[in-house]
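Protein chains: 2
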Amino acid sequence: MSLRYAVLGLIAELDGASGYDLLKMFEISLANVWPATQSQLYGELGKLADAGLIDAAAEGPRGRREYSITDAGRAELHRWLVEVEPKKPMRDETLLRVFLLGTVTPQEAQEYMRAQAARLDDALDDLAVLDETVDWDDDDLSRYGRLVIEYGRRSIAMRRDWFEWARTEMRTFDESVR
Amino acid sequence: MSLRYAVLGLIAELDGASGYDLLKMFEISLANVWPATQSQLYGELGKLADAGLIDAAAEGPRGRREYSITDAGRAELHRWLVEVEPKKPMRDETLLRVFLLGTVTPQEAQEYMRAQAARLDDALDDLAVLDETVDWDDDDLSRYGRLVIEYGRRSIAMRRDWFEWARTEMRTFDESVR
DNA sequence: CATCCCATGTAAAAAGTTACATGATTGG
DNA sequence: CCAATCATGTAACTTTTTACATGGGATG
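From first to last, the protein sequence lines stand for chains B and P.
Per full-length UniProt numbering: the first sequence ends with 178, consecutive numbering throughout.
Per full-length UniProt numbering: the second sequence ends with 178, consecutive numbering throughout.
It is worth saying that the hints were derived from the structure and are not from the lab.
Check each hint, because a few of them may be wrong.
It does not matter which identical chain is used: a pair holds within one copy or between any two.
[Unchecked claim] Calculated lysine-lysine pairs in the DSSO-like style (CA-CA distance at most 30 Å, straight line): (1) Lys88 x Lys24; (2) Lys88 x Lys47; (3) Lys87 x Lys24; (4) Lys47 x Lys24.
Based on the sequences and whatever the hints tell you, model everything.
Written out as C-alpha cells, the structure is:
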C-alpha cells in the first residue's frame, strides 16, 4: 500500500504535478527509497482519483493532466504517516548471497566480499559528487531529501565497513577448516 | 529470481531437508534477509525439481519429501553467486515516511522521529538477547548466520543514530520557518 | 522537419501475500 | 485420546516488472 502514499505525498508537496512530473521524482528523488515504474504510477493516479483523494485537472497542452490533493487525501496521508505502523519486510539480495557463501570456495568468497566493499567505496564517491552537484533549495522536499541522502551515505559506509570486517572474519573460518 | 537461489542454496547446505524444514529456515534464519511464505516455497520446490536443479526423494513418513541438490543445481547456484550482479531495488517504508514528513506538523514529525529511534533501541536489545540465547554451531550456516546478525546489529545502530541526528536537524527547519 | 522530450495508457507476466484445505504422527 | 507439530498443496488476490503502443510540442 505504500506506493499509494508515496504518490499522494508527492502530490501534496508538488501541487499541480503531472504523472510525468511525478515519474521524474520517482526516478530522481525516490529511486533508492521507493522506486516505481511509469506503469504503476499511472495506474495508481487513476485509483487515487477514483477514491477522491486527488483531483485531476482538465487535459492541458500534450494531454497533460495536473493533479492536486483533496482534503480527504490530505487527511488520509496524515493518518498513514502518524497512525499506521511501518512494516519492514526488507529483502537484501547481497546479504542472501553472503548467507550462502559457504557453498563456494574460500577464494571465491573472499573475492566476492572484496568486490562488494570496492563497489560500495565507489558508491560513496558518487554520492559525494551528487551532493556537491545538486543545489539544494529550501523547500520541504529538498530539506528532507538531504536527510535521506545522509541516510544513504551512512548506510553505504556501514555496509562497506561490514564487508571488510566480515571478510577478515571469513578468513578465520578457512583456517579452522584447514 | 532470488527466491529460487535462496531455496537452492539452503538445500545445498542442508542436504535432505524437506519443504517443512526449509520453511523453518526461512522463518528463523532468513526472516530478515529473504522472507518467503509456505506458498512460495512449495511452488519453488516444484519448479526447481522440474528444472532438474534438485532431486526429490520418495515420500517418507507423513508425506515428507526430502530434497537434495543436483550437479546442475550446484553449478547454477555457483553461477548466480559469483557471476550474476546483485541488484538492489531496496524499498524502505520508514525512509519514505521521512521523505514525506514535511506534510505534517513539526511536533508530529519530531514525535515520529523520536518513536522510530526508540523502536530501534528496543530492536538492538532484542538482538543482544538473541545473540546470547542461540548456541552457535560451527557449520557454515551458523558461521555465516553470525555475520548476518552482526550486519543487522550495525544496520539498526546506524539507523538509530541517524534518526536522532535527523531529528535535531529537523528542529533547525522549524526555526527557519518561524 | 527531424529529433528529443513531454505525456499517457494498457497488456502480460512474474513475484509475493493471504487464506483455505487436508491429513499423519508424536508426546503428554 | 487430544493437542501440538509435521507436512504438503492450491486458489485468489495484490504488487511489481517489462514491454508495447501512441501521439503532441519545442528546438535547432
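Here is how each hint holds up against the structure:
1. In this assembly of identical chains, the alpha carbons of lysine 88 and lysine 24 lie at most 30 Å apart whether taken from the same copy (26 Å) or from different copies (19 Å).
2. Proximity of lysine 88 and lysine 47 under a CA criterion of 30 Å is satisfied in both settings, with 25 Å inside one chain copy and 28 Å between copies.
3. With identical chains, the CA atoms of lysine 87 and lysine 24 are at most 30 Å apart both within one copy (26 Å) and between copies (21 Å).
4. Taking identical chains as interchangeable, the C-alpha atoms of lysine 47 and lysine 24 lie at most 30 Å apart only when both belong to the same chain, with a minimum of 20 Å there against 38 Å between chains.
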